[in-house]
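**Q** Respectively, the protein sequence lines represent chains F and Z. First residue of the first sequence? That's 1 in our numbering, and the numbers climb one at a time after it. First residue of the second sequence? That's 1 in our numbering, and the numbers climb one at a time after it.
One thing to keep in mind: the hints can contain errors.
Which residues of chain F face chain Z? A few of them, derived with a C-beta cut under 7 angstroms, are [stated by the list, open to error]:
{"id": "1", "residue": "37"}
{"id": "2", "residue": "53"}
{"id": "3", "residue": "57"}
{"id": "4", "residue": "107"}
Which chain Z residues stay away from chain F? Per the calculated CB distances, all over 10 angstroms, these [what the hints assert, rightly or not]:
{"id": "5", "residue": "19"}
{"id": "6", "residue": "50"}
{"id": "7", "residue": "71"}
{"id": "8", "residue": "75"}
{"id": "9", "residue": "77"}
{"id": "10", "residue": "107"}
{"id": "11", "residue": "111"}
Everything labelled a hint here was simulated from the structure, so no lab data went into it. Note that the Cβ used here is the ideal one computed from N, Cα and C, for glycine as well.
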Amino acid sequence: GENVEQHPSTLSVQEGDSAVIKCTYSDSASNYFPWYKQELGKRPQLIIDIRSNVGEKKDQRIAVTLNKTAKHFSLHITETQPEDSAVYFCAASSNAGGTSYGKLTFGQGTILTVHP
Amino acid sequence: IAGITQAPTSQILAAGRRMTLRCTQDMRHNAMYWYRQDLGLGLRLIHYSNTAGTTGKGEVPDGYSVSRANTDDFPLTLASAVPSQTSVYFCASSPATTGARGYTFGSGTRLTVV
């Protein structure tokens, strides 16, 4: 089945710095790539997503890039703030067949800590 | 009910006991999912349902069963709980069965099997 690898597992930055989290996936049929943020004790919440017909997408301080040839995608957070501290998950699914069809496969998560 | 609701919030369960985790959504989403979350392993799919009356196995289905009698409810049953099933369980739903839309997650059930 689909396999999603996420790195790093932990990331510590100073407030105002940028943070980058990277994911790779195995199923070439995957074409939908969301990112979720999970605060301590809370449910995961969708923060941004990208589809395979787009190489980059931005929403204020966050952006996601996708390289379908290399099968990797990344989350970029600029001007980080303490409230960005959370666990971030990448995921992949397919709406065009393949082992990831119709279901999200998640990465292992990245614990981001932003120090004031 | 607004969105997706899980019950109970937390539970301590003796090994060997049977338990059902409840999940209800009021968004009329076709697809529903059960994931377990363990530290360092992310979210792993247990079972899913693309529409009422159908279910499928995910990555880690052993020891769990589900049913989907109607659109709103998707209960997860542990027939005979074991300590390795200690985890946080999240139910999720999506309007698209193709997986090309984001999920809405419930607030989770923290289960401890002793």
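**Q** If a hint holds in the structure, say so; if it does not, say that too.
**A** So, going through the hints one by one against the coordinates:
no.	hint	in the structure
1	37	violated, 11 angstroms
2	53	violated, 11 angstroms
3	57	violated, 13 angstroms
4	107	holds, 6 angstroms
5	19	holds, 21 angstroms
6	50	violated, 6 angstroms
7	71	holds, 17 angstroms
8	75	holds, 18 angstroms
9	77	holds, 20 angstroms
10	107	violated, 5 angstroms
11	111	holds, 15 angstroms
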